[in-house]
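S.K.: Residue-level listing of the chains:
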Amino acid sequence: MGNPSAEGPWARFRAEFAESRLALAGLAVLVAIIAIALLAPVISPQNPYDLAQLDVLDSKLAPGEKSADGRTYWLGTDDQGRDMLSGIFYGLRISLGVGVASTVFALAIGLALGLVAAYFGGWVDTLVMRVVDIQLSFPAILIALILLAVLGQGVDKIVVALVTVQWAYYARTVRSSALVERQKEYIEAARVLALGQARIVFRHLLPNCLPPLIVVATVQVAHAIALEATLSFLGLGLPVTEPSLGLLISNGFQYLLSGKYWISFYPGIALLATIMAINLVADQLRDVLNPRLRR
Amino acid sequence: MSSALLEVEGLRTHFHTKAGVVRAVDDVSFRVTRGRILGLVGESGSGKSMTGYSILGLVDAPGRIEGGRITFDGTDLTRLDAAAWRRLRGNRIAMIFQDPMMTLNPVLRIDTQIVEAIRAHADVSRESALARAREALARVGIPSPDERLKAYPHHFSGGMRQRVAIAIALVNHPDLIIADEPTTALDVTIQGQILFEMQKLCRESGTALIWITHDLSVIAGLADEVCVMYAGRVVESGTVAEIIDGPRHPYTRGLIDSVPSRNERGRPLHQIPGMTPSLLELAPGCPFRERCERVVAGCTVSPDVSEPLPGRRLRCHNPHAA
Amino acid sequence: MLAYAIRRLGQSVFVLVLMSFLVFVGVYAIGNPVELLVNPQADEAERLRATAALGLDKPFLEQYWIFLKGAAGGDFGKSFVFNVPALSLILDKLPATIELAFVAMVIAVLLGIPLGLVAGLKPDSFAGRAIMAGSIVGFSLPTFWVGLVLIMAFSVHLGWLPSNGRGETVMVAGIPVSFLTADGLAHLAMPAFNLALFKLSLLIRLTRAGTREAVLQDYVKFARAKGLSQTRVIGVHVLKNILIPIVTVIGLELGSVIAFAIVTESIFAWPGTGKLLIDSINQLDRPVIVAYLLVIVTLFIVINFVVDLLYSLLDPRVRLGGAAAAH
Chain D
0 MGNPSAEGPW ARFRAEFAES RLALAGLAVL VAIIAIALLA PVISPQNPYD LAQLDVLDSK
60 LAPGEKSADG RTYWLGTDDQ GRDMLSGIFY GLRISLGVGV ASTVFALAIG LALGLVAAYF
120 GGWVDTLVMR VVDIQLSFPA ILIALILLAV LGQGVDKIVV ALVTVQWAYY ARTVRSSALV
180 ERQKEYIEAA RVLALGQARI VFRHLLPNCL PPLIVVATVQ VAHAIALEAT LSFLGLGLPV
240 TEPSLGLLIS NGFQYLLSGK YWISFYPGIA LLATIMAINL VADQLRDVLN PRLRR
Chain V
0 MSSALLEVEG LRTHFHTKAG VVRAVDDVSF RVTRGRILGL VGESGSGKSM TGYSILGLVD
60 APGRIEGGRI TFDGTDLTRL DAAAWRRLRG NRIAMIFQDP MMTLNPVLRI DTQIVEAIRA
120 HADVSRESAL ARAREALARV GIPSPDERLK AYPHHFSGGM RQRVAIAIAL VNHPDLIIAD
180 EPTTALDVTI QGQILFEMQK LCRESGTALI WITHDLSVIA GLADEVCVMY AGRVVESGTV
240 AEIIDGPRHP YTRGLIDSVP SRNERGRPLH QIPGMTPSLL ELAPGCPFRE RCERVVAGCT
300 VSPDVSEPLP GRRLRCHNPH AA
Chain Y
0 MLAYAIRRLG QSVFVLVLMS FLVFVGVYAI GNPVELLVNP QADEAERLRA TAALGLDKPF
60 LEQYWIFLKG AAGGDFGKSF VFNVPALSLI LDKLPATIEL AFVAMVIAVL LGIPLGLVAG
120 LKPDSFAGRA IMAGSIVGFS LPTFWVGLVL IMAFSVHLGW LPSNGRGETV MVAGIPVSFL
180 TADGLAHLAM PAFNLALFKL SLLIRLTRAG TREAVLQDYV KFARAKGLSQ TRVIGVHVLK
240 NILIPIVTVI GLELGSVIAF AIVTESIFAW PGTGKLLIDS INQLDRPVIV AYLLVIVTLF
300 IVINFVVDLL YSLLDPRVRL GGAAAAH
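First to last, the protein sequences are chains D, V and Y.
Residue 0 is where the first sequence starts when you use numbering that gives the first Met the number 0, and the numbers rise one by one after that.
Residue 0 is where the second sequence starts when you use numbering that gives the first Met the number 0, and the numbers rise one by one after that.
Residue 0 is where the third sequence starts when you use numbering that gives the first Met the number 0, and the numbers rise one by one after that.
Where hints are given, some of them may not hold.
[As the list claims (entries may be wrong)] Partial selection, computed: residues in chain Y whose CB lies under 8 Å from chain V:
| id | residue |
| --- | --- |
| 1 | K220 |
| 2 | L227 |
| 3 | S228 |
| 4 | S311 |
| 5 | D314 |
[Said to hold, decoys possible] Some residues of chain D that are not near chain Y, with every Cβ distance over 10 Å (derived):
| id | residue |
| --- | --- |
| 6 | I33 |
| 7 | V99 |
| 8 | G121 |
| 9 | M128 |
| 10 | A225 |
| 11 | F252 |
| 12 | S263 |
[Unchecked claim] Facing chain V, a subset of chain Y residues (Cβ under 10 Å, in silico):
| id | residue |
| --- | --- |
| 13 | A208 |
| 14 | R211 |
| 15 | F221 |
| 16 | I233 |
| 17 | L313 |
Read the hints as simulated data drawn from the structure, not as lab findings.
Only a predicted model underlies this, so the values are computations on that prediction, with no experimental measurement involved.
Virtual Cβ for every residue (Gly too), placed ideally from N, Cα, C.
Looking at chain D on its own, in the form it has when it is part of the complex (with noise of 0.2 Å):
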């Protein structure tokens, strides 16, 4: 047995995080899923955009089936005639793209807004936490909806949407960290010595605040995805010629009934993955960093 004081404290996380696997399992689904969405248009059999490549003869093949020139549509292909395997691989892109574009800005306008409540505190604070408190009491899914009806289609709508539900959360973690540690001692010893505020919240404040925030970031970046899929799902956000997993769902929605369930099938199970390797990974992140646990 090593002598546990001579790790710091990164491989101690690697080698707790490790004990569960599958939190590992989760992990390495995921880093294939981001590695499919940045590759995509490379390793996709058909570009299923490109409207030349398309033919419409090839519609509603089953899975296996073969294209009339011989290729094979491993997992069938839609009533366009696109192959699904190609069309999983670009939504997979979007999907991720739109979920982790959206968590990274709410982050940041989470994290500034509540490193500012909690560090001036009185009426800024109020402030801050009664709007938090008030978007926080109604359902995400609802304020989006209405957004979006409002904004109209667009990715770059959808990311406001998805913005805006999402900012509270993360500012209402931050205050709560950020007021926490604004008790302690170290940081009435920096005031005593005068350092700049702006040094203080950034240097020393935010460090300690990142653990609660790295759980919640990372189990929001599956909601905003499935987020983003339901309202792709109900009409919402994204345009035809930017299709998620969810508008692929969509489409294939209508073809249910007469058992041509892989046009929506398929995609489910690429978003279902997604999503649960995040929680997975989320999870055992959550285990790790959470004191109260500690044996």
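Go by the hints and put chains V and Y onto chain D.
M.R.: Relative to the frame of chain D, chains V and Y by itself:
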């Protein structure tokens, strides 16, 4: 020998953790006589609380009793099944814990918590159980018991809560009470009151008491017999007079000398050098040798228990003279 | 207690008015409903007349004022599409949604808490791990996709359950309910389960976490030291402690369930307010959208208030209006 109510022989309670085996209780033996008070003294980490839990079978995983025998009134407690344990706990052996705020359930009323202790062991009506609860509160000196019964734990002060815990322990007239540092979390003045009342109650009802504490001065005024523990072992035991007036183990002597009131004015306070060892990294041999002023070459071997006088036990290669 | 209630009421009215303004502003910006409702070949004069008839030619603030006056009296204007009062349209469909949400919540609670307890008490057992794995899957499954799969399996493949609409209803106290008939239950089964799945997983995880923490507490050890049966230790001591945060969550999630019903109603063609909302958005039926939002906001405010009350009843350490609740 057969008048012993509780006889613990060679008790071993070990924790199998990922970092190694922690021998929290390592070959502990002592005896409690009916109606008498035994003090179990030691610093934190000495295994004294774990000994108490082991007697009642309340050791949580990853710990378990690995060896030894605990004989209570003729029954071997290490071999009991779950049903037999439930009949025993709270009925013939009761326990009082250190922090009364956490041991009383914060969301249940006081009367609920007392009545359930009564009805778990006797088939009585709620009214008669309530009557007994009222009596129990009165016995521990809580005024206006009727109002208090309907209250919640957070309405009480620390001292009052501990009295309630004591009332619960006494309510079924147990033969033995194990008290795990019951006054450590309380103010000094309340401490004195509780100590006095526990002593009185035990004498009156003939209940044996094991009082677990780190404070030797408490034991001096309260107990009949004393066991001193260090690193999971009993290093010295005997009557209170024997131990306080003539301690032979260097650790015991160090403990007694460290009590501030025993110090001469103006002289530096006595202290035992070093720190309690981590139970994960215990080297073989006597666990106290790193800090002992009387260490000799033979201390690298773990000392066996010697019994210079009946009931007077010692675990040391080089004890002070008698 | 009374002072607290009045203060809450005041806050609620403020939130309501604020929301109504936001909602109105937002909805005002959605396209021009006249384009949808008027014959595309209509000339300019037709359009102007339609606009006037719908009150859309008036300045924004005047429209808002008319709206506010009406709203206070319960009149949200007439639906552009159906030409009946928007509020009555919403209230007509509300029982279907509430029934669906309620049944879903009941399923989630009745299954979630016991499963979570088992997973929390024996986290390393096969059952414990299986339940946790199941809850992660349930938590990750997108609701709408599950609905599709359910339809695929139980309607198309097996033909056991109907895939759309609401079944037979009976009147109870003037409100039509469908869970009292066999046909109604058959229609309720899939949508309710679909809606419940996410909350079920959430409850399992919450209950498990709470149980794991609770059993480490001293009061559990003390209860066992009193010789209480395991049933009582878990069923009374542990349960009452973990129920407090869970009840809060259930209350708050009830609002979310009603919102998520929008998706389920779309998939299963359940005739509730959710489906109405989606249709209204697509048809730019403004009064209905506004009426829906305000009814929902009111509903949420009421739910939050009731939850706060319940919380103070369950946790004796919290009394409303006094020390802050330990949320």
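S.K.: Output the numbers, in ascending order, of every earlier hint that fails for this structure.
M.R.: Hints 4, 10, 11, 12, 13, 14, 16 are the ones this structure does not satisfy, whereas the remaining hints hold.
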